[in-house]
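Peer 1: Protein chains in written order, with our numbering: chain A, 1 to 448; chain B, 1001 to 1478.
Just so you know, these hints were derived from the structure itself, not from any lab.
Mixed in with the good hints, there may be bad ones.
Listed below are the simulated DSS-like cross-link pairs for lysine-lysine, each with C-alpha atoms no more than 27 Å apart in a straight line [claimed, not checked]:
hint, chain 1, residue 1, chain 2, residue 2
1, A, K195, B, K1016
2, B, K1132, A, K195
3, A, K374, B, K1258
4, B, K1338, A, K188
5, B, K1137, A, K188
6, B, K1208, B, K1338
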Amino acid sequence: MSGFEKYLMSRMGAENSHTLEGYKAQGGYATLERVLKDMTPAEVTAVVKDSGLRGRGGAGFPTGLKWTFMPDAQKDPRHRYLAINADESEPGTCKDRVFMDEDPHGLLEGILMACYAMGCEGAYIYVRGEYRHQYDRTAAALSDARAAGLVGKNILGSGFDCEIHMHKGAGAYICGEETGLMESLEGKRGHPRPKPPFPAGFGLWGQPTTVNNVETIFNVPFIVEKGAEWYRSMGSEASPGNILVGISGSVNKPGVYEAPLGMSARTLLESEDFAGGIWKGRQLKAWFTGGSSCGMVPASFIDVNMDHDSVKAIGSMLGTASMIMLDDTQCVVRAMEVVARFYDHESCGQCSQCREGTQWLHQIFRRIEAGRGKPDDIDMLTSIASGMAPGKTICALADAAAIPANQVVKHFRDELEEHVRAGGCSINGTGACAHGTAAKETEVEVQS
Amino acid sequence: MTKITINGKEHDADPKLPLIAACHDAGIDVPHYCYHPGLSPEGSCRMCQVEVSEGGRPARVMVSCRTGISEGMVVETHSEAAHETRRECMEFLLKNHPLDCPICDKAGECDLQDYAFQEGQSEGHTHEPRRKLEKRKDLGDVIVLDQERCILCTRCVRFQQEVTKKPELTNAGLASRSYITTFNDRPLTGNYQGNLADVCPVGALTLKEFRFQARVWNLEKAASTCAECSRGCTVSVEVLRRDAVKRMRPMYNADVNKWWMCDTGRFSFEHLNDPERLTGGLIASGTDLLGATAGEAIAHAGATLRGTQPAIFASPFLTQEEAGALLELATTLGAKPKFISPEANDLKDDLLHTGDPCPNRRGLSDLGFEAVSAKDAATAVVSAGVALLVGERVLSMLGDADLGVTKLITMDTHPCLASGVEASIAVPFHVEKAGTWINVDGFAGRLTVARNAPQGVPPLERTLSDLQAALGLSEAQA
Chain A
1 MSGFEKYLMS
11 RMGAENSHTL
21 EGYKAQGGYA
31 TLERVLKDMT
41 PAEVTAVVKD
51 SGLRGRGGAG
61 FPTGLKWTFM
71 PDAQKDPRHR
81 YLAINADESE
91 PGTCKDRVFM
101 DEDPHGLLEG
111 ILMACYAMGC
121 EGAYIYVRGE
131 YRHQYDRTAA
141 ALSDARAAGL
151 VGKNILGSGF
161 DCEIHMHKGA
171 GAYICGEETG
181 LMESLEGKRG
191 HPRPKPPFPA
201 GFGLWGQPTT
211 VNNVETIFNV
221 PFIVEKGAEW
231 YRSMGSEASP
241 GNILVGISGS
251 VNKPGVYEAP
261 LGMSARTLLE
271 SEDFAGGIWK
281 GRQLKAWFTG
291 GSSCGMVPAS
301 FIDVNMDHDS
311 VKAIGSMLGT
321 ASMIMLDDTQ
331 CVVRAMEVVA
341 RFYDHESCGQ
351 CSQCREGTQW
361 LHQIFRRIEA
371 GRGKPDDIDM
381 LTSIASGMAP
391 GKTICALADA
401 AAIPANQVVK
411 HFRDELEEHV
421 RAGGCSINGT
431 GACAHGTAAK
441 ETEVEVQS
Chain B
1001 MTKITINGKE
1011 HDADPKLPLI
1021 AACHDAGIDV
1031 PHYCYHPGLS
1041 PEGSCRMCQV
1051 EVSEGGRPAR
1061 VMVSCRTGIS
1071 EGMVVETHSE
1081 AAHETRRECM
1091 EFLLKNHPLD
1101 CPICDKAGEC
1111 DLQDYAFQEG
1121 QSEGHTHEPR
1131 RKLEKRKDLG
1141 DVIVLDQERC
1151 ILCTRCVRFQ
1161 QEVTKKPELT
1171 NAGLASRSYI
1181 TTFNDRPLTG
1191 NYQGNLADVC
1201 PVGALTLKEF
1211 RFQARVWNLE
1221 KAASTCAECS
1231 RGCTVSVEVL
1241 RRDAVKRMRP
1251 MYNADVNKWW
1261 MCDTGRFSFE
1271 HLNDPERLTG
1281 GLIASGTDLL
1291 GATAGEAIAH
1301 AGATLRGTQP
1311 AIFASPFLTQ
1321 EEAGALLELA
1331 TTLGAKPKFI
1341 SPEANDLKDD
1351 LLHTGDPCPN
1361 RRGLSDLGFE
1371 AVSAKDAATA
1381 VVSAGVALLV
1391 GERVLSMLGD
1401 ADLGVTKLIT
1411 MDTHPCLASG
1421 VEASIAVPFH
1431 VEKAGTWINV
1441 DGFAGRLTVA
1451 RNAPQGVPPL
1461 ERTLSDLQAA
1471 LGLSEAQA
């Protein structure tokens, strides 16, 4: 499928796209030079705001609007920071790594523009600890950029100073939550902070801070270069632009693909330009719309358009547009057990509901999956989930754990009940959909 | 002050404090665990949910410890929605909490019990096995941690960070595997560890001293003043079955100690339970000391002191009221009373302990008592030939100086065994009397009777006035 303009991955095919020469050869940093010379910070913010760019970290908050939350530099002389969230840890999400791998200078240019727009004197890139290769690529790019006078004092002779620092996480999912990320950057445990105060007023070390996702920032140089109108010409009305869609699971060609927001999920799944359909000639049974925290919907929803509002309309979320596909031989209970285990493992343990609720959900899914479910377990799942979310805890991790539980009960109640009734899995009629035994072998005791 | 409406009534609220403080000030209890008025609000237990509507917007349920005050705010603490949210929260908190209550020292004063009763449901829904963590983690000389009982409110962590400035505790681990611990299992240090057991809303942090000693509902509690330094912290003296003092805990006093007290004061009650204490009196007879009633000992003391000009030394434990009675007696004898002022100890710190072991130094000085070092006092006693030593601990404060054959009349909780002693009269401990101590900053701390003095131990004021009466009698009358 063609017929849309690609820009996010436009440079990535080229040789040495990750080096400074490779980047410059494709026109890199030219826009930055023009911005520093000809545009005021307010103009940069305005074009980003006009473009309608929405954050790509999952929540889809308008980026330009977020930038304007930073206090007026004239009235508030505090230090100002930008933090880049590269702690990509959501199961199913694997798009930020592509930018850091293939086009780290694109990210750096975006950071410099964002810092210029918001008057930030420094930026921190918080990279997921497991992303060693991506960290090294980005760090090498940063060092080259610094040597070329693109980072540091008096960038390109413009008088604009901006330092960029890199930080490696230690593998906690919660450090991808923006306030948890800031706590972690400050050297503390990654416990999310209650909001308010919001990061723009009280962020890193108590200074005004904006936290943006890698992909969000990566969009910025394109928007500034080509204008808001160009950007709005792509994607949908309320969600303009392209997005990287990660498709994983039972598909022929799992991978990360660039697509305009609002493209039909069926196209993404079935087109040869994208995932190329469900593998082994099987049928789609269920799919996660945007990473594990968005929950599973049945195959019947596959015609939804992948933009924020359309996915929301079917009761799910676009999230990071990371679709995980399950075919008809797979068991949703098994899948949910894995998802629930993940949140049980990754809750920071601060809020009562999340700490206990994530464990509780996992314990129940594990029992049902292992054939030890009780008839009232299924109602218990929704009851626990409604005690955890929405908005009952400091951050959204409890919501992220509760939503998939709610979704699976809503859409796959039959299958849960069948597991409880049959004392295990009998999905494909043979009782041999592999997970029953696998679950027993891999059953991890929650407590050590 | 900002006007807000709580449960239909208008209240003035301090806009610098969180909403939960305004509710508590208004006399409305909002259930809470992580919030403590003496610590920074954390907002993690999620228990203090109330329904708030601001600026005419629809009401929302939110945690009151992280919600600021705004003019015209309307708060419902007991609405259906708020209660339901708290009920849910209770169920999560109890999910892994062990059913230890019958053997838990906190039972009876446990917030988890109280709020489970008030907000929760009678039956839990969980069928899952409860969390297994360390049940008896030794945190040093004072505290034992039961990680299974812990609800991770982190009050203890913040107490160490913010009050003692010794960030020795932390939470470790993730999710339901989180627990409180010290770095590298090091023991806690400092003189304020006991407060950790007070700030803990559940039975996770308990005092070694108090473990399995008493059920708290059997303790009779009296608000009194700590005797261990001139700060005079307001404390609750807790007595088991009208006999042994089992525990001392700080009570909130904005002017003196806020919510805290030091371990020196907290654990200074063993001597109060000493069965060897003096009751009644002792009278010298030849080289022996014979047991007597207080009245007989007072009469003997009157006979000894009559016509003499004794050296009079008071203990700095004397209350203002007792000191007044002693002044009158001294005037009758033509003497000028002084009090023994032991050297400052090395317990002084930036928080509460003053290092001065004289709880009523300021009060006695105000009444004109001169402070005299133990050494000078001993010298004065010897040179006077006759001496009257008055008050709790006066003998131990005087030290083991050789008092020669000085004729001594002592009024202390314990008998005097010096060779010259003529009469010893029992006095009550400070937890057994009512009175006033003036602390280092001039605050009048009240002593109340937490426990009655044993039979045969008269109040010191009465002993002094009886002695004064005895002095007035002629030898024949006596």
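Peer 1: Compare the structure with each hint and give your call.
Peer 2: Taking the hints in turn, this is what the structure says about them:
no., hint, verdict
1, K195(A) / K1016(B), "holds, 17 Å"
2, K1132(B) / K195(A), "violated, 33 Å"
3, K374(A) / K1258(B), "violated, 51 Å"
4, K1338(B) / K188(A), "violated, 56 Å"
5, K1137(B) / K188(A), "holds, 24 Å"
6, K1208(B) / K1338(B), "violated, 40 Å"
Violation of the numbered hints given earlier is confined to hints 2, 3, 4, 6; the remaining hints are satisfied by the structure.
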